[in-house]
Amino acid sequence: MFLTKQATHSFFLMLFVFVLFQTSFAQKVGVVLSGGGASGMAHVGVLKALEENNIPIDYIAGSSEGALIGALYASGYSPQEIEMLMNNIQFKDLSQGIIDYKYQYYFKRNDNSASWISFKLSLDSAITAQLPTNLISPTALDFGLLEFFSKSGAAAHYNFDSLFIPFRCIAAEIEQKESIIFRKGNLAEAIRASITYPFYIPPIVVDGKLLFDGGLYNNFPANVMYNDFFPDFIIGSNVGSNTSPVEDDLFSQVKCMLQSKSDYNIQCENGVIIQPQNNVGTFNFKNPQPVIDSGYVATIRKMEVIKRNVERRTTAEELSAKRKIFKTKEPVMKFDSIEIEGLTKKQSEYARKILQHNKNTQISLEDVKQGYFRLAADNKIKSIFPKAVFNPKTGLYDLQLRIKKERNLITYFGGNFANTPISEGFVGVQYNYLSSFATSLYANAYFGKLYSSGQLKTRFDFPFKTPLYIEPSVTWNDWNYYKSSNLFLEDVKPAYLKQNEAFGSMNVGLPTGKKGRIVAGAGATNITSYYYQTPNFTQQDTADRTNFEAFTSQLYYEVNSLNRKQFANQGERILAKIRYINGTETTIPGSTSIDTIQQFTKFHEWFQFKIFGEKYFNRRGSFKIGILGEASYSNQTAFQNYTASILSAPAFQPTPDSKTIFLSSYRAYKYMAGGLKLIFNIRTNIEIRLEGYVFQPYQQLIETTKLSTNLGSPFAFRSLIGMGAVVWHTPVGPMSLSANYYNTEKNPLAILFQFGYIIFNNSSLE
Numbered sequence: 004m005f006l007t008k009q010a011t012h013s014f015f016l017m018l019f020v021f022v023l024f025q026t027s028f029a030q031k032v033g034v035v036l037s038g039g040g041a042s043g044m045a046h047v048g049v050l051k052a053l054e055e056n057n058i059p060i061d062y063i064a065g066s067s068e069g070a071l072i073g074a075l076y077a078s079g080y081s082p083q084e085i086e087m088l089m090n091n092i093q094f095k096d097l098s099q100g101i102i103d104y105k106y107q108y109y110f111k112r113n114d115n116s117a118s119w120i121s122f123k124l125s126l127d128s129a130i131t132a133q134l135p136t137n138l139i140s141p142t143a144l145d146f147g148l149l150e151f152f153s154k155s156g157a158a159a160h161y162n163f164d165s166l167f168i169p170f171r172c173i174a175a176e177i178e179q180k181e182s183i184i185f186r187k188g189n190l191a192e193a194i195r196a197s198i199t200y201p202f203y204i205p206p207i208v209v210d211g212k213l214l215f216d217g218g219l220y221n222n223f224p225a226n227v228m229y230n231d232f233f234p235d236f237i238i239g240s241n242v243g244s245n246t247s248p249v250e251d252d253l254f255s256q257v258k259c260m261l262q263s264k265s266d267y268n269i270q271c272e273n274g275v276i277i278q279p280q281n282n283v284g285t286f287n288f289k290n291p292q293p294v295i296d297s298g299y300v301a302t303i304r305k306m307e308v309i310k311r312n313v314e315r316r317t318t319a320e321e322l323s324a325k326r327k328i329f330k331t332k333e334p335v336m337k338f339d340s341i342e343i344e345g346l347t348k349k350q351s352e353y354a355r356k357i358l359q360h361n362k363n364t365q366i367s368l369e370d371v372k373q374g375y376f377r378l379a380a381d382n383k384i385k386s387i388f389p390k391a392v393f394n395p396k397t398g399l400y401d402l403q404l405r406i407k408k409e410r411n412l413i414t415y416f417g418g419n420f421a422n423t424p425i426s427e428g429f430v431g432v433q434y435n436y437l438s439s440f441a442t443s444l445y446a447n448a449y450f451g452k453l454y455s456s457g458q459l460k461t462r463f464d465f466p467f468k469t470p471l472y473i474e475p476s477v478t479w480n481d482w483n484y485y486k487s488s489n490l491f492l493e494d495v496k497p498a499y500l501k502q503n504e505a506f507g508s509m510n511v512g513l514p515t516g517k518k519g520r521i522v523a524g525a526g527a528t529n530i531t532s533y534y535y536q537t538p539n540f541t542q543q544d545t546a547d548r549t550n551f552e553a554f555t556s557q558l559y560y561e562v563n564s565l566n567r568k569q570f571a572n573q574g575e576r577i578l579a580k581i582r583y584i585n586g587t588e589t590t591i592p593g594s595t596s597i598d599t600i601q602q603f604t605k606f607h608e609w610f611q612f613k614i615f616g617e618k619y620f621n622r623r624g625s626f627k628i629g630i631l632g633e634a635s636y637s638n639q640t641a642f643q644n645y646t647a648s649i650l651s652a653p654a655f656q657p658t659p660d661s662k663t664i665f666l667s668s669y670r671a672y673k674y675m676a677g678g679l680k681l682i683f684n685i686r687t688n689i690e691i692r693l694e695g696y697v698f699q700p701y702q703q704l705i706e707t708t709k710l711s712t713n714l715g716s717p718f719a720f721r722s723l724i725g726m727g728a729v730v731w732h733t734p735v736g737p738m739s740l741s742a743n744y745y746n747t748e749k750n751p752l753a754i755l756f757q758f759g760y761i762i763f764n765n766s767s768l769e
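Numbering (my numbering), first residue to last: 4 to 769.
Because the hints were derived from the structure by calculation, they are not lab data.
All C-beta atoms, glycine included, are put in the ideal place defined by N, C-alpha and C.
Among the hints, a few may not be true.
When the alpha-carbon atoms are kept at most 27 Å apart in a straight line, the in silico DSSO-like pairs for lysine-lysine are as follows [unchecked claim]:
hint : residue 1 : residue 2
1    : K362      : K468
2    : K372      : K390
3    : K501      : K709
4    : K330      : K396
5    : K396      : K337
6    : K580      : K613
7    : K325      : K187
8    : K105      : K580
9    : K518      : K662
10   : K605      : K627
11   : K337      : K356
12   : K332      : K396
13   : K31       : K212
14   : K568      : K289
15   : K349      : K383
16   : K349      : K517
17   : K51       : K31
18   : K383      : K356
19   : K348      : K212
20   : K460      : K349
Computed beta-carbon distance windows for the label pairs [said to hold, decoys possible]:
hint : residue 1 : residue 2 : range
21   : E706      : R112      : 40 to 50 Å
22   : N230      : M306      : 20 to 30 Å
23   : D103      : T364      : 19 to 29 Å
24   : R686      : P395      : 46 to 56 Å
25   : H607      : V511      : 19 to 29 Å
26   : Y560      : T640      : 48 to 58 Å
27   : G624      : R316      : 39 to 49 Å
28   : T589      : L740      : 36 to 46 Å
29   : K362      : K330      : 40 to 50 Å
Produce the entire structure from the sequences given, and follow the hints as far as they go.
Written out as structure tokens, the structure is:
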């Protein structure tokens, strides 16, 4: 039987309507990912299990860590790619605020000091202090999010419905105490807002609102999923809960004060909740794989329930093709303009010169990244938030930088507390001025029985194509080794030895690469030493005195990427220095001296060349090896007596304890020294250190019966130094208990317990 022409048309019309109806009303699946810190990495395993079983994902929504994982998936990353990303060293560094070694800049660092903590103030109409609001720096994380999400956001024309998978994420606006739902806009910015855990990373401003972690008010946005997309079935992955604050956990207490109770139920009739089980800490992103696997296992356990409720299937081939189509829409990341917000015109000019951006020229992502981290390393800059916005007219991106300059006034406090009389306090103050060039005025003071010091310093930074700084300074150092002794050991009366130093210098520095600098400088110094050359003296006796007035100049090359200013276990430091010294020695004997000359005067002139190297291996492991080497060559001549000679000789001081004791056996004009460090991390911030060193002088300085100085036979004498220590790296500084061994000393073993930093201002003859 044949259908009429009209009947045929009616049949095909009905078939078309049926297919359209079936397509339009095909079962839609939404996935909701909760917040939960590092536990949220389990969501990756959930997505992986769903894809492997061909379960379709039509919409995705998340808060906090769930927003990050969801955004990666919505941007076209496969679960396997996200899994690899989470296990990557670079991602772990981002989660801890660590800048990739490749992008760390040394040139702008302040000199090391004994500071524990700093307070930043503004010199406005009233002086206001600024306490730290975050545990880690967001510098690396912010640029990482820009790299992850800028291309996918541009491909979607900044509409989250047009991503690979339609997406929603949540942030919290704490002034009005309300959730903010991101449906459009800059994807990287939205994710940064959603993952801003209070006091861990600082909040950001979006459209005039200060935004925090989305989990504060809606840690499981199933209601957003239901209201925005109205799916037929919701799969929820939940690693959060409405928990009570923990007594000794500041973060849980703060979050509990700010957080509202979240509803962890599915909002529609059809849905399933997957609850991965893991015991990972909130900020512990170091071992992602077990956490990811917990999500995978929990999802497989629910798979039969999911398959009974979700009849549709999406094959791996279909997903791969869809991802490929979406990726072809992503514009290549090239930039042609940089917009700076938050600085004055002259300050913006300073920033542009550091960024090394010339207008009307295209910039690659790598060049932008180099400039961004170079500017972030400048201590006049407090923070930078980067935003990449695609311009369809040019086919290129605009880089928008929201920059905050550092506070004008910074105060520093610190020092060192020990079981021996080497304890000291430290205070410092710095004033910053930023215009077309940068200026810092700096002053510090150390005060203690062993060491007291004061320093005034100014640094002018010029952002030329090759940056340059000029740094004049004046320093006063006062050492009193007579007051330094070890209370844990036999009371051995030390030699009376005091040294006062005042010097002024002018240094000029240039960067060499990211980690190095070349510095040239000159100055004048006056060093006065007081000492007895016999242990038998009374309070009525007068000490011998040697005064050395000199001119000194230096040229040195330094590379420094050490991760800590004391007890480092990563990175390296290389120093090559040449110094020229000429001056006049004046020695006046005291009442116990055997010298008959009332005053001795002699002119000295010498060159000194010194090289130093320190390097650590196995950067990521729990066991690390470090090596240290040092060599000094000098044509220096002896002073009038042995004590004055040994005081002016270069010293080998590889351990903190050795910097606090006057050790004549570890000083010489020409020497080689070196050793090995074995470091065992027993917990994240606790380590055991075993260090051993050999000091080999070319010719030992020998005291004669007439208290003058002779040079020994070449390589006839050598000394050893050993240290075994347990070190806890607290948030403000190291705490250590060490046993120190010096084989040439009368009492070779010294026990030192100390908290803080054994770091001093520079000396003119170093």
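Results of checking the hints against the structure:
1. K362 - K468: This hinted pair holds, its Cα atoms lying about 15 Å apart.
2. K372 - K390: holds (12 Å)
3. K501 - K709: holds (22 Å)
4. K330 - K396: Since the Cα atoms of K330 and K396 sit roughly 20 Å apart, the hinted pair holds (cutoff 27 Å).
5. K396 - K337: holds (14 Å)
6. K580 - K613: holds (5 Å)
7. K325 - K187: OK: K325 and K187 at ~21 Å, within 27 Å.
8. K105 - K580: Measuring from Cα to Cα gives roughly 25 Å; hence the hint holds.
9. K518 - K662: holds (26 Å)
10. K605 - K627: Violated: K605 and K627 sit about 49 Å apart, past 27 Å.
11. K337 - K356: holds (19 Å)
12. K332 - K396: Within the cut-off at roughly 15 Å; holds.
13. K31 - K212: Violated, at roughly 34 Å.
14. K568 - K289: Given pair K568, K289 holds - Cα atoms ~24 Å apart, limit 27 Å.
15. K349 - K383: Holds. K349 to K383 sits at ~14 Å (cutoff 27 Å).
16. K349 - K517: holds (25 Å)
17. K51 - K31: Given that 27 Å is the threshold and the Cα spacing comes to 19 Å, the pair holds.
18. K383 - K356: holds (14 Å)
19. K348 - K212: Within the cut-off at roughly 25 Å; holds.
20. K460 - K349: holds (24 Å)
21. E706 - R112: 40 to 50 Å: holds (41 Å)
22. N230 - M306: 20 to 30 Å: This hint holds: roughly 27 Å between Cβ atoms.
23. D103 - T364: 19 to 29 Å: Cβ of D103 to Cβ of T364: about 25 Å, so the range 19 to 29 Å holds.
24. R686 - P395: 46 to 56 Å: holds (52 Å)
25. H607 - V511: 19 to 29 Å: holds (26 Å)
26. Y560 - T640: 48 to 58 Å: Check failed, 27 Å falls outside 48 to 58 Å.
27. G624 - R316: 39 to 49 Å: holds (44 Å)
28. T589 - L740: 36 to 46 Å: holds (44 Å)
29. K362 - K330: 40 to 50 Å: violated (31 Å)
Of the numbered hints listed earlier, those contradicted by the structure are 10, 13, 26, 29.
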